[in-house]
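These are the residues of each chain, in order.
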Amino acid sequence: MAVTIDDVRHIATLARLGLTEDRAAALVAELNTILEHMDELAKVDTAGVAEAIGVGAEGLPVRKDAGPPIPLARSIDAVAPSVRDGFFLVPRLSTHESSEES
Amino acid sequence: MTAPSCADLRADVAAGRATAAETLSAAIRRAREVDTGADRLNVFVWRDDADARAQAEALADRLADTTPGPLLGVPVAVKDNIATLALPTTCGSRILEGYVSPYEATVARRLRDAGAVIVGKTNMDEFAMGSSTEHSAYGPTRNPVAPDRVPGGSSGGSAAAVAAGIVPLALGSETGGSVRQPAAFCGIVGVKPTYGRVSRYGLVAFASSLDQVGVFGRTVDDAARGLGVVAGHDPRDSTSAQIPVPDYTAAAGADVKGLVVGLPTEYFPASLDPAIRARCDAAIDRLRSLGATVKEVSLPHTSLAIPVYYIVAPAEASSNLARFDGVRYGLRLTGDGLRGMYDATRSGGFGPEVTRRILLGTYVLSAGYYDAYYRKAQQARTLIAGDFRRVFDSGVHVLFTPTAPSTAFPIGAISDPYEMYLSDIFTATANLAGVPAMSLPIGRVGGLPVGGQFLASHFDEPRMFAAAYALERALGGEAHA
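Just so you know, the protein sequences line up as chains D and C, in that order.
In short: position in the first sequence from 1, add 1, done, that's the working numbering.
In short: position in the second sequence from 1, add 410, done, that's the working numbering.
The following block holds chain D by itself, in its conformation from the complex:
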């Protein structure tokens, strides 16, 4: 299987990556070179083979959906680009009138 320029634009949108036209065109060639080698897998008979779900000797462990409290050495204000009153600030959606932070 080979990707097209439209595929690259589509997956860049899904991945939230802005690409210039030149970069998108270069990525078509780069990804196709890689995917050509991946096609080797199509030749492998995997009928009846289970998908790997973990690599440990005991498979994928399960725990309660409640971890121990994580003590933080510094507040989120010290690491977040923009915070107010304990909330992360982000720009407005472009469907709103202004793109200023809200």
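Heads up, a few of these hints could be off.
[To be verified] Within a straight-line C-alpha distance of at most 20 Å, the following computed SDA-like cross-link-like pairs (lysine to any residue) qualify:
| hint | chain 1 | residue 1 | chain 2 | residue 2 |
| --- | --- | --- | --- | --- |
| 1 | D | K65 | C | H643 |
| 2 | D | K44 | C | A782 |
| 3 | C | K705 | C | G805 |
[Claimed, not checked] Taking CB as the label site, the calculated pair distances span:
| hint | chain 1 | residue 1 | chain 2 | residue 2 | range |
| --- | --- | --- | --- | --- | --- |
| 4 | C | R785 | D | R85 | 13 to 23 Å |
| 5 | D | T21 | C | Q652 | 32 to 42 Å |
| 6 | C | A413 | D | A3 | 27 to 37 Å |
| 7 | C | L832 | D | V50 | 17 to 27 Å |
| 8 | C | R733 | D | N33 | 24 to 34 Å |
| 9 | C | G856 | D | A3 | 31 to 41 Å |
| 10 | C | P679 | D | D23 | 50 to 60 Å |
| 11 | C | P762 | D | D86 | 36 to 46 Å |
The set of hints was computed from the structure by calculation and includes no laboratory data.
Positions of the beta carbon are idealized from the N, C-alpha and C atoms, including for glycine.
Given the coordinates of chain D, assemble chain C onto it according to the supplied hints.
Then chain C, alone, in the frame of chain D:
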């Protein structure tokens, strides 16, 4: 170069023959020499010498303790994708420039609890995606053995820190060979433990089902001591195993008579560099002369490892790296509204290799391609793990292979991404199957180090270390000649 071992440094500090501040000063002096001297190795991306000195001076209080710590006064280096409190954690990426974690990785805390002093954070391929440490936002690291060549990657900075004689012990991380391959290229020891042996809490996630913290040592004993400190269950990592940690140094004098060593034919293809093959053959002869039983075995799905790895790892990375969006931490670049901010931040913050892998991962997980790529790769991964299980169930104790298909290559020599991916051809299988593996020096070709690799079954690190200790002892100076 000859530099003191973990055991010697610790003994000197514990006995009062040296102080932790003095051992640290020697490490800082050497770090300055190699990073600012003629070779400019670019080992460290972040150091805070004043904070490190404060850590070292505080250790003086421990001397009166009955158990002052197995790494008391030992200077160590930590890869830049392992969260530390005093130094930035940037994963070699512009998108995390200036980020200082509000919490500490379990492995970093365990090192400090053991009395080690963290000298600095080491350079790496961005988000551990690479095999050469050329793909860092902070410039490439050079190989201490041959500064015009790469140190391997992605943990090239940690490997270089040990090989250059700055520290006897360093932490790296493995997803497809990022400790073993640089260990081979730099002529030191590198260990990838069993998946679940070491906590991943605070290791910035690349591909969670493959990632594992690993250790570098100048010798097998240094690595064994380091792994003994960082291994063990951690309630903060649900994939860490609740299995007691043995004393890996107990294998130091072990007899390998009767040890069954398998040689997988797929790791010795006709295309293997004859000089690397010759070094492996010499090591195998040593194992035989020590009384090990050596036999050929087959891991028939080995050729699938690179396609499987380069589907599974980017798929997981595309999900894990979604968190770098300019909202909660790291870089934020402005664009048109919220969506424009995401696009600008991520395209401006990630380098070309990370972008390529995120796109590849997004593609193989997207509607219409999931079955052909991701599901197929996960099935093939089961086949690869089955190969190992069958061989170990048949009575083979450890496997021996070359670590990498080449010696360290010149900086800038490989520009084709897939050609670079092939550097992992002998290492990625262990990550896909979750088994432990380690590289140790077995000689040189054209002055460049060659690594030999031992692999064992899940949690059988003791037998792997026993084989490595014995081979290291038998090779002696030949390992570096």
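Outcome of the hint check:
no., hint, verdict
1, D:K65 x C:H643, "holds, 16 Å"
2, D:K44 x C:A782, "holds, 11 Å"
3, C:K705 x C:G805, "holds, 11 Å"
4, C:R785 x D:R85: 13 to 23 Å, "violated, 44 Å"
5, D:T21 x C:Q652: 32 to 42 Å, "violated, 50 Å"
6, C:A413 x D:A3: 27 to 37 Å, "violated, 52 Å"
7, C:L832 x D:V50: 17 to 27 Å, "holds, 25 Å"
8, C:R733 x D:N33: 24 to 34 Å, "holds, 29 Å"
9, C:G856 x D:A3: 31 to 41 Å, "holds, 40 Å"
10, C:P679 x D:D23: 50 to 60 Å, "violated, 38 Å"
11, C:P762 x D:D86: 36 to 46 Å, "holds, 39 Å"
Of the numbered hints stated above, those contradicted by the structure are hints 4, 5, 6 and 10, listed in ascending order.
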